[in-house]
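**Q** For the sequence shown, the working numbering assigns the number 1 to the initial residue and increments by one for each residue that follows.
Hints are computed from structural coordinates only; laboratory data are not their basis. Any given hint could turn out to be false.
Unchecked claim - Restraint-style ranges between C-beta atoms, simulated for each label pair: (1) A6 <-> G45: 40 to 50 Å; (2) E14 <-> Q43: 36 to 46 Å; (3) S86 <-> S48: 41 to 51 Å; (4) C16 <-> R49: 44 to 54 Å; (5) S86 <-> L46: 28 to 38 Å; (6) L46 <-> N76: 39 to 49 Å; (7) R33 <-> R68: 22 to 32 Å; (8) K34 <-> F12: 54 to 64 Å.
From a predicted model like this one, the values you see are computed outputs, not experimental measurements. Where a beta carbon is used, it is the ideal one built from N, C-alpha and C, also for glycine.
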Amino acid sequence: MRVFNAALVGSFRESCISHFKAEEAERELFRFRKEVEEQSQRQAGLYSRAFVRVERRGKRAIIAEMKRRAALLPPNSRALRMLKNSWAIFASAVARLLPSTSRGTRTSLFLPRVRQLWDSIEVSEDTAEAGTGVGDEGAGVADREVDQPVSSFGISMSGFLDF
Numbered sequence: 001m002r003v004f005n006a007a008l009v010g011s012f013r014e015s016c017i018s019h020f021k022a023e024e025a026e027r028e029l030f031r032f033r034k035e036v037e038e039q040s041q042r043q044a045g046l047y048s049r050a051f052v053r054v055e056r057r058g059k060r061a062i063i064a065e066m067k068r069r070a071a072l073l074p075p076n077s078r079a080l081r082m083l084k085n086s087w088a089i090f091a092s093a094v095a096r097l098l099p100s101t102s103r104g105t106r107t108s109l110f111l112p113r114v115r116q117l118w119d120s121i122e123v124s125e126d127t128a129e130a131g132t133g134v135g136d137e138g139a140g141v142a143d144r145e146v147d148q149p150v151s152s153f154g155i156s157m158s159g160f161l162d163f
């Protein structure tokens, strides 16, 4: 009976030790999973901030380029109005390309700033819009010969003349 009790006590002790080791391994696994999750959350935050910085830098570059091109266009011209209206198309395209954000929120925050930038372009009172000569009083002006070859004007990719 003593041998049986000793074997039973030894078996119980082994089961307690193995149970303790299993609990310790489980705690270590939980700690490891928590560290991995925290690290992935930090990396996701860093990636998100980097993405926002790149996105803002790209928007600033686009705005600067469009303001530069707008300065080249005659004030109150059809081409300038078309350029201003293209911001709505651009903003909707950006909203569709960014699935992580809600479409309306990003665009609604972005468009007032763009409109403010466009409204800040000053036009003098004595500036007249250049007409096409079709259907208006200046038709005689458009019918005259031009003393320069067409290639000297240069046409942009959008089809507008660059003067």
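**Q** Against the earlier hints, flag every one the structure doesn't satisfy and list their numbers going up.
**A** 1, 3, 7, 8
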